[in-house]
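**Student:** If you want the building blocks of each chain, they are given just below.
Number of protein chains: 2
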Amino acid sequence: MAPRTSHRAAPVHARLDDVTVQEALAALADPVRLRLVRELAGSADWSRACGSFDVPVGKAALSHHFAALRAAGLVEQRDEGPRRVNRLRREEFDARFPGLLALVLRGD
Amino acid sequence: MAPRTSHRAAPVHARLDDVTVQEALAALADPVRLRLVRELAGSADWSRACGSFDVPVGKAALSHHFAALRAAGLVEQRDEGPRRVNRLRREEFDARFPGLLALVLRGD
Chain U
1 MAPRTSHRAA
11 PVHARLDDVT
21 VQEALAALAD
31 PVRLRLVREL
41 AGSADWSRAC
51 GSFDVPVGKA
61 ALSHHFAALR
71 AAGLVEQRDE
81 GPRRVNRLRR
91 EEFDARFPGL
101 LALVLRGD
Chain A
1001 MAPRTSHRAA
1011 PVHARLDDVT
1021 VQEALAALAD
1031 PVRLRLVREL
1041 AGSADWSRAC
1051 GSFDVPVGKA
1061 ALSHHFAALR
1071 AAGLVEQRDE
1081 GPRRVNRLRR
1091 EEFDARFPGL
1101 LALVLRGD
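Protein chains in written order, with our numbering: chain U, 1 to 108; chain A, 1001 to 1108.
FYI, nobody ran anything at the bench for these hints, they're computed from the structure.
Only a predicted model underlies this, so the values are computations on that prediction, with no experimental measurement involved.
Please note that a few of the clues may not be correct.
Said to hold, decoys possible - Incomplete in silico selection of chain A near chain U, CB under 10 Å: (1) Gln-1022; (2) Ala-1029; (3) Ala-1060; (4) Ala-1061; (5) Glu-1091; (6) Ala-1095; (7) Leu-1103; (8) Val-1104.
To be verified - With beta-carbon atoms standing in for the labels, derived distance ranges: (9) U:Pro-82 with A:Ala-1010: 19 to 25 Å; (10) U:Arg-78 with A:Glu-1080: 20 to 26 Å; (11) A:Glu-1091 with U:Ser-52: 37 to 43 Å.
What the hints assert, rightly or not - From chain A, some residues computed to sit far from chain U (all C-beta separations above 12 Å): (12) His-1013; (13) Ala-1026; (14) Ala-1027; (15) Pro-1031; (16) Arg-1033; (17) Arg-1035; (18) Cys-1050; (19) Leu-1062; (20) His-1064; (21) Gln-1077; (22) Asp-1079; (23) Pro-1082; (24) Arg-1083; (25) Arg-1084; (26) Arg-1087; (27) Arg-1106.
Heads up, the beta-carbon is just placed ideally off N, CA and C, and yes, glycines get one too.
Starting from the given sequences, assemble the full structure and let the hints guide the process.
**Tutor:** Written out as structure tokens, the structure is:
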């Protein structure tokens, strides 16, 4: 039997060209997702598992928020054994929506 | 008796310094409001009454959307007799959130 590292399907990622500005704004306009993005921006790529963020939501809601961030091209995820780890797609997102991440990470 | 031009209270406008990036993003992440902003951007200041926009919502919803745009510092309104007319606060908004309006008006 092949080793099984996760029960979940591998995460699906957005092509940045397919993301509209409205989708990008909607992804970032939510306070929980804004916090996830800001925390990710301050962390090394692939260093943060989904459960490691300080946000006041349950597991199902957190999954939903990460799916929204993936769909907007903001986050890439991969499974490492039982952990799903993340990186901010900073360069790709910035190429598609110049300046938007910088505004969001300014923190005001 | 003083002339009465409107039954409504005069619109209240946001101080841009008080608008957070999350509020700005949330105001722009809605498809109806995005359309209002884009139509306003293509119109001369004060040339557009609230009822003149091609959006698929009723009067109460439209009022709500304009209130959200005012609160985010995107729109200034004034009453001219029975009409409430609008201008996009382009320069002020751009000074507070550089590049954000440009992204939104890019139209993709």
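**Student:** Go through the numbered hints given earlier and state which of them the structure violates, listing their numbers in rising order.
**Tutor:** As far as the earlier hints go, 3, 4, 5, 6, 9, 10, 13, 14, 15, 16, 17 and 27 are violated by this structure, in ascending order.
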